[in-house]
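Asks: Sequence:
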Amino acid sequence: MWLGHKRAEKNTTSDVDTKAHLFDDMSAISQHLAIVNYDAEGNIIEANRRFLDMVGLELSDIMGKNQRQFCDDSPQALSENQELWQQLANGKSHSGTYKRKIKQDVVYLDCTYVPVLDDSKQLVKVINVCKNITHSQEEFIHLNAILQALNVSLAVIEFSPDGTVQHANENFLRGMGYSLNEVVGKHHKMFCFPEFYRDNADFWQRLERGQPFSGKFQRKDKQGNSLWLEATYNPIVNEKGKVYRVIKFASNITDRVNLAMQAVEMAASISEQTSHITDSAVQVLNGAVETAHNVANRVKGASALSQQLLEQSKTINGMVNTINGIASQTNLLALNAAIEAARAGDTGRGFAVVADEVRQLASRTSAATEEITDVVGENARLIAEMEHHLISVNQVALEGEDSMHSVSHGLEDVRVGVSRFVGIVEQLRA
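Counting from 25, one number per residue, gives the positions in the sequence shown under my numbering.
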């Protein structure tokens with residue numbers, strides 16, 4: 025009896041100590057964690073100060089109210105809440121992030137629901153340990169909304185750091201002609217022409233080091249057709265700073281690239297035609313310059329010839345003046361001879377006839393020389409006028425030659441510019 029009494033007393037002391045330790049543990053937990061307790065129906069029966077401060081309420085504001093009043097009233101949220109309490113009634117704890125309404129505000133709580141059962145396995149109450157994660161959850165929702173928007177408008181594909189496909193969205197699969205099962209587990213090389221990895225052998229090593237890539241990339245679809253993507257390869261790092269995913273965002277710009285290529289081809293054709301036309305124009309203009317130069321030279325020659333004719337006219341005019349002087353002297357001598365013949369009478373009659381003939385010849389010579397003088401004078405005037413016109417023509421020819429030289433130089437500059445443009449277009453075509 026004594027031993028039994030001692031053993032019972034010892035067990036009682038042990039239970040008291042255990043309960044005391046449990047109370048101390050719960051007090052410590054309650055000081056550092058937000059806790060709210062519900063009865064089996066979900067009505068609030070207790071809440072610690074940390075919980076009340078977290079939600080900005082007093083116990084009197086929430087005591088006896090059912091937890092459903094703080095839940096989102098969407099059909100999906102109500103269904104999920106009902107399922108939660110069924111699991112709790114079956115003795116299963118549950119953890120997760122929950123959207124709650126407090127004072128017209130929306131808060132997000134990270135909760136752990138712990139069911140407390142009696143000896144008959146009936147739910148007695150539920151202990152809810154929670155933490156306010158509204159700020160981080162709103163950031164997560166914001167980032168997720170951005171990703172969803174990108175997912176709707178862009179082709180998205182995820183790779184492991186070595187280039188193995190992990191996931192791809194519908195936009196990417198539809199654009200490339202694959203199903204998800206056909207690409208997951210395959211390497212990025214399946215979308216590339218051989219030239220890409222020949223020129224970028226360390227592509228994935230650089231991505232694994234955290235180097236992003238962006239630009240225009242030529243890829244091939246399931247049928248082997250060429251298409252162009254404007255894309256960014258973005259390394260994603262974990263909390264240790266190590267790349268564990270690479271996400272590619274892309275848009276199909278094949279039509280735009282094809283239009284650009286068509287424009288380049290058209291520009292190449294036009295530039296080649298322009299080059300040929302310019303070359304022909306340069307040749308024609310060079311011929312015109314040469315013709316103008318020849319005209320100028322011939323005009324110079326004609327001007328020199330007219331100058332010689334003018335000098336010869338002056339010489340002829342001098343000779344005519346000399347002849348005219350001789351005729352005058354002859355006429356005077358014939359007159360004197362006629363006078364002397366008259367004095368001689370019959371003996372000088374024959375001489376008088378000769379003298380008269382000489383005088384008439386001198387008169388005709390004088391008349392002829394006057395006509396020659398008039399003709400030579402008129403010729404001199406015409407030659408002088410021709411000289412004046414030739415000088416004007418020569419000036420115009422020289423000015424025309426200078427102008428064509430200027431045009432020729434300008435056209436040569438155009439030809440050089442067109443040649444350079446043709447070279448640039450050829451580089452674009454390559």
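Since the hints were made in silico from the structure, they are not lab data. Hints may be right or wrong, so weigh each one.
With a straight-line Cα cutoff of 30 Å, these simulated DSSO-like cross-link-like pairs (lysine-lysine) come out [stated by the list, open to error]:
(1) K155 with K145
(2) K149 with K127
(3) K324 with K266
(4) K145 with K127
(5) K246 with K210
(6) K210 with K264
Now the in silico label distances, taken between C-beta atoms and shown as ranges [stated by the list, open to error]:
(7) N249 with H159: 41 to 49 Å
(8) G311 with D245: 55 to 63 Å
(9) N249 with L102: 45 to 53 Å
(10) Q242 with V208: 21 to 29 Å
(11) G88 with I165: 20 to 28 Å
(12) K127 with E107: 33 to 41 Å
Even for Gly, the Cβ is constructed at its ideal location relative to N, Cα and C.
Asks: Taking the beta carbons of K127 and E107, is their distance inside 33 to 41 Å?
Replies: Between K127 and E107, where Cβ atoms are some 27 Å apart, the hint is violated.
Asks: Taking the CB of G311 and the CB of D245, does the distance hold inside 55 to 63 Å?
Replies: holds, 57 Å
Asks: How does the Cβ-Cβ distance of N249 and L102 compare with 45 to 53 Å: does it lie in that range?
Replies: Taking Cβ atoms as reference, N249 and L102 lie about 50 Å apart, which means the hint holds.
Asks: Has the given pair, K149 with K127, been kept, meaning a C-alpha gap of at most 30 Å?
Replies: holds, 25 Å
Asks: Taken at face value, is the distance from the CA of K210 to the CA of K246 at most 30 Å?
Replies: holds, 13 Å
Asks: Under the criterion that the straight-line Cα-Cα distance not exceed 30 Å, is the pair K324, K266 satisfied?
Replies: violated, 89 Å
Asks: Going straight from one Cα to the other, do K210 and K264 come out at no more than 30 Å?
Replies: holds, 27 Å
Asks: Verify the proposed pairing of K155 with K145, using a straight-line Cα cut of 30 Å.
Replies: holds, 28 Å
Asks: Is it true that N249 and H159 lie within 41 to 49 Å of each other by Cβ?
Replies: Holds, at about 48 Å.
Asks: Check the following: the C-beta atoms of Q242 and V208 are separated by a distance inside 21 to 29 Å.
Replies: holds, 23 Å
Asks: Given the proposed pairing of K145 with K127, does the C-alpha separation stay at or below 30 Å?
Replies: Answer violated: K145 to K127 is near 36 Å, above 30 Å.
Asks: Could you see if the CB distance from G88 to I165 stays within 20 to 28 Å?
Replies: Hint violated: Cβ distance 32 Å, outside 20 to 28 Å.
In terms of the numbered hints stated before, the structure departs from hints 3, 4, 11 and 12, listed from lowest to highest.
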